[in-house]
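There are 2 protein chains.
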Amino acid sequence: MLVRAIGRIGVNLHISPLERAQRAKRTAYSRGAIRGAICMDIEDWEENRYVESGINAFITQMEDSGLKKIVEHVCNAGGKRIRPIILLLASEICSGSYRQSLSAALAIEMMHSASLIHDDLLDQGLMRRNLPSAPEKFGHSRALLCGDYLIAKSIEFISPYGEKVIRDFGKAGMDMAEGEVLDLRLDEENFEERNYFECIYKKTASLFAISASIGAYTGGADEVLAQRFNFFGTSLGTAYQIVDDILEFLEVVGGKESKFTSETLPHVYMKSMSKEEAVKKSVDAVKLHVNAAKETLITFKSCPARDKLFQITDYITIDMLEGI
Amino acid sequence: MLVRAIGRIGVNLHISPLERAQRAKRTAYSRGAIRGAICMDIEDWEENRYVESGINAFITQMEDSGLKKIVEHVCNAGGKRIRPIILLLASEICSGSYRQSLSAALAIEMMHSASLIHDDLLDQGLMRRNLPSAPEKFGHSRALLCGDYLIAKSIEFISPYGEKVIRDFGKAGMDMAEGEVLDLRLDEENFEERNYFECIYKKTASLFAISASIGAYTGGADEVLAQRFNFFGTSLGTAYQIVDDILEFLEVVGGKESKFTSETLPHVYMKSMSKEEAVKKSVDAVKLHVNAAKETLITFKSCPARDKLFQITDYITIDMLEGI
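From first to last, the protein sequence lines stand for chains A and B. Numbering-wise (the working numbering), the first sequence opens with residue 375 and increments by one. Numbering-wise (the working numbering), the second sequence opens with residue 375 and increments by one.
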């Protein structure tokens, strides 16, 4: 459903020279933005390595059924693992270890992967991250079932974490489905700014929100602190989705091709202003939510994990808008 | 994907005079088969009332979003609530109360309902239980998302029950998806008896199995006793699916219409014998699994809940084959 522009800066082999240049620029930008932090590409972070090794272990132990190849295709397509890394970093800030949080991080990533597959069924996505989408490559039936399989796997991954975390996880899944229904825009005439924000909270920000708050919980945070992490995730996820939409609106899409597309914030604004004004107002909305995310982050314990969350916050939002 | 012949004996208004007569006959048969039990129609059982009221409470509190109507359509289409009732009865046998088990029962029913919706997408089901299927009535996109929503709701419902139960629940969901992939029969030539039994264990029996064993757990059973309940559920679910297949093979289908159908056991057997022999061998397989279910049941504590499980065992298997 989404441009998921983050896929443009892939770790995969399909990266173009132009993108390499953009990426170097972004990294330099980030380096300036979070002075003193350990700056490196996210794929080199230890949190990313934990997530990658967890996913590889899961795929390796799968029976060689009709689903294994699809799971491999979807899970190894160059996604940046942003959500599970956020979870592990939130846990670290709250003094948790990756050992106690990794299974929750994998649950989040599986739920996210399932949503990508089902999104490609909804909007007849042909390409994702420069590769054929799962429905294109493996057929609609197997893609649908692979999504269901990954949601079920996410239940297994989240099973050790107790009632509160598991209930929040289920609720985020319900939000995501409701958000996608809103995105179908069955009443497009009346799809206004508030509908847009409700839609993107549910379909995108809710999973970012619980990535942060479940990480906090598994790290040992109390309810009040976990709520602040939740707010950080909501702000970041909202900014991320608006950026995605701006890039889609401006047709700066990379690696994705679909027959249908989502409503974008600039398009909503264009009902009452010029294209330039609509884009500017959308960029202002990004900045607002990025600032809210950072103002929340700054209240957390100062540590390398927090620095990394600052870096991610820029990386998936304002860094992506450079040069537009 | 399935005939789900149990829908033929609906509590809905679409029941035909012929079906009413068959149903009276079945009830009389059951009455004879389980002497001493409190015999009545399942829809009058208190366990059914608990499940119905739990589902109604869930639907009532749903926001009036694009999903509520689909959930209502799917959840109130005359299903017999067999799986959640099995769960509550298993819990009762192990001295549990419905209060401690109802949320698990609802989780099972939501997972089942989601699988029906996604099945209708897979096999382009047009009618189910004499009503238009969810994809037919509400469109493919909303039906897909409604299935995802119900799986997520099932996570919320199962959240209070601890790691073991939740892990089993997730594994059954994975089994169901894998079973449906096997049912796509991408290599039909080599789809033999053992493939058939693996397929129906995964796609159907696994959910019956955990209905019984999770009920036992929530009622307080230890692992050994819960395993016996699991075996009971596996046997019953296997017999149920073979019956479903026999009725589909003989075109005694009621209330369901699809463009694609599943492989049936008689069809598998017909590769090496006549039609009559294939049907007889399939009926023998039903009896084998029904007997295994009953031999397990008899080892449980004698009580009205056990009598009801005997009644269900006949009701959804051999009673359905009368008159073929």
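There's no promise every hint is true.
It does not matter which identical chain is used: a pair holds within one copy or between any two.
Below, a list of computed lysine-lysine pairs in the DSS-like style, where the Cα atoms sit at most 27 Å apart [as the list claims (entries may be wrong)]:
{"#": "1", "residue 1": "K442", "residue 2": "K655"}
{"#": "2", "residue 1": "K545", "residue 2": "K655"}
{"#": "3", "residue 1": "K443", "residue 2": "K661"}
{"#": "4", "residue 1": "K538", "residue 2": "K442"}
{"#": "5", "residue 1": "K655", "residue 2": "K675"}
{"#": "6", "residue 1": "K545", "residue 2": "K511"}
{"#": "7", "residue 1": "K649", "residue 2": "K538"}
{"#": "8", "residue 1": "K661", "residue 2": "K538"}
{"#": "9", "residue 1": "K443", "residue 2": "K545"}
{"#": "10", "residue 1": "K443", "residue 2": "K511"}
{"#": "11", "residue 1": "K661", "residue 2": "K442"}
{"#": "12", "residue 1": "K538", "residue 2": "K511"}
{"#": "13", "residue 1": "K511", "residue 2": "K661"}
{"#": "14", "residue 1": "K545", "residue 2": "K645"}
{"#": "15", "residue 1": "K654", "residue 2": "K675"}
If you're looking for bench data, these hints aren't it; they were derived computationally from the structure.
Hints, verified against the model:
1. For a Cα distance limit of 27 Å, the shortest separation of K442 from K655 qualifies neither inside one copy, at 44 Å, nor across copies, at 34 Å.
2. Taking the closest pair of Cα atoms, K545 and K655 never come within 27 Å of each other, the shortest separation being 31 Å inside a single copy and 47 Å across copies.
3. Proximity of K443 and K661 under a CA criterion of 27 Å is satisfied in neither setting, with 40 Å inside one chain copy and 38 Å between copies.
4. In this assembly of identical chains, K538 and K442 lie within 27 Å of each other by CA distance solely across copies; the values are 25 Å between and 31 Å within a copy.
5. Taking CA atoms no more than 27 Å apart as the test, K655 paired with K675 passes in neither setting, with 33 Å inside one copy and 69 Å between copies.
6. For the homomeric pair K545 and K511, the shortest alpha-carbon distance between copies (26 Å) is at most 27 Å, but the shortest distance inside one copy (31 Å) is not.
7. Neither within a single protomer nor between protomers do K649 and K538 lie at most 27 Å apart by alpha-carbon distance, with minima of 44 Å and 55 Å respectively.
8. Proximity of K661 to K538 under the C-alpha cut-off of 27 Å is found in neither arrangement, the shortest distances being 32 Å within a copy and 44 Å between copies.
9. Proximity of K443 to K545 under the C-alpha cut-off of 27 Å is restricted to the inter-copy arrangement: shortest distance 19 Å between copies versus 29 Å within a copy.
10. For the homomeric pair K443 and K511, the shortest alpha-carbon distance inside one copy (10 Å) is at most 27 Å, but the shortest distance between copies (33 Å) is not.
11. In the homo-oligomer, the alpha carbons of K661 and K442 never lie at most 27 Å apart, since the shortest distance is 41 Å inside one protomer and 35 Å across protomers.
12. Neither within a single protomer nor between protomers do K538 and K511 lie at most 27 Å apart by alpha-carbon distance, with minima of 38 Å and 36 Å respectively.
13. Proximity of K511 and K661 under a CA criterion of 27 Å is satisfied in neither setting, with 38 Å inside one chain copy and 42 Å between copies.
14. With identical chains, the CA atoms of K545 and K645 are never at most 27 Å apart, being 33 Å at best within one copy and 48 Å at best between copies.
15. Taking identical chains as interchangeable, the C-alpha atoms of K654 and K675 are never at most 27 Å apart, the minima being 34 Å within one chain and 71 Å between chains.
In summary, the numbered hints that this structure violates are 1, 2, 3, 5, 7, 8, 11, 12, 13, 14 and 15.
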